[in-house]
Amino acid sequence: MCVVVVFLLSALLPLSCSHERDPFAWLYGPHSLRFGSLQADTTGGECPDECDCPPSFPVAMYCDGRGLTAMPTIPSRMKYLYLQNNAITAVPDSALVNATNLVWLMMHYNQLTSDAIGKKVNLHLVLVRSSHTCVTPADLEGMDNLTILYLHDNAVTDMGTSLKALKSLTLLEISGNKLTKVPEALPEHLHQLYLEFNSIDSLPEGFLGQFTQLQYIRIAHNQLTDKGIPANTFNVTGLVELDLSFNKLERIPPVSTTLQHLYLQANQIKEFTLGSFCSVVDVTNFSKLRTLRLDGNEISRQDIPTESTRCLRLTSSIEV
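Numbered according to mature numbering (1 follows the signal peptide of the UniProt record, and there is no 0), the sequence shown spans residues -18 to -1, 1 to 302.
Heads up, a few of these hints could be off.
Unchecked claim - Quick list of the computed label-pair ranges, beta carbon to beta carbon: (1) 137 with 282: 57 to 63 Å; (2) 284 with 264: 24 to 30 Å; (3) 39 with 282: 25 to 31 Å; (4) 265 with 160: 44 to 50 Å; (5) 250 with 160: 21 to 27 Å; (6) 267 with 37: 19 to 25 Å; (7) 285 with 39: 39 to 45 Å; (8) 170 with 280: 34 to 40 Å.
These are calculated hints, taken from the structure and not from any lab test. C-beta: ideal position from N, C-alpha, C; glycine also.
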């Protein structure tokens, strides 16, 4: 059985999408609401000694980074449980028997494997970390309500058609793996797609045509070339941010006029092609681009034509 990293949420969470910032940091970063441990609460039992349960946030229990090797006792009132960065090896059926109100369970960076999770464990959120390389449809069976799948920093080489049944998926984070191609049959309701730090050298024809809600794409630190990107792949409406930095592109690919942030630094781009941003420029037709990074390429500021100010009239600065 392949071991998977799975991050389930019953609803899409508000994520920070600013460039070069971990979109999950707000979920598992330092919490200002933490206080001392062992607070009694008549609504669902005491907080275990090894965890913190802030009085101002009584439905959350923070047990992250405590060196735990086993699941702690979970009061029934808890909705949010943070167990990441420990050494927990198993989640038996009995571990969550009292946690009937649980909505989030953060368990990344532990020592869990899929066969160490009890068969009767019914979670809204599970995050498991491993070093196995394949994800099959059977691994994600029955996850019709999955909205976020987080597979960052494993050794996944192929996902096959495992994502096809995830009809509710809105965020797919599979950066830092060993993928050589974009996963097949991506769910059509994706809102954010992160494929950074893989070995992808080409994109499939009509890659983005099926996605009407996709706004954020990051494919930085891959092996993309001009030849590997079909014509007008990124010239689709709806995109807000596109990150193609640290690849092997020699030209600026055509993008939609609705795109707001484009990152192309550290490629091999040799010319500034204004037509990549605007085919027609007038009072109502111009690029909505606000951020454009071209530093670390083979062009200089002198290569930017003067008429670019009419096309890129909203761009605050162009970094070259």
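A quick look at each hint next to the structure:
| no. | hint | in the structure |
| --- | --- | --- |
| 1 | 137 with 282: 57 to 63 Å | violated (40 Å) |
| 2 | 284 with 264: 24 to 30 Å | holds (27 Å) |
| 3 | 39 with 282: 25 to 31 Å | violated (52 Å) |
| 4 | 265 with 160: 44 to 50 Å | holds (49 Å) |
| 5 | 250 with 160: 21 to 27 Å | holds (23 Å) |
| 6 | 267 with 37: 19 to 25 Å | violated (57 Å) |
| 7 | 285 with 39: 39 to 45 Å | violated (53 Å) |
| 8 | 170 with 280: 34 to 40 Å | holds (38 Å) |
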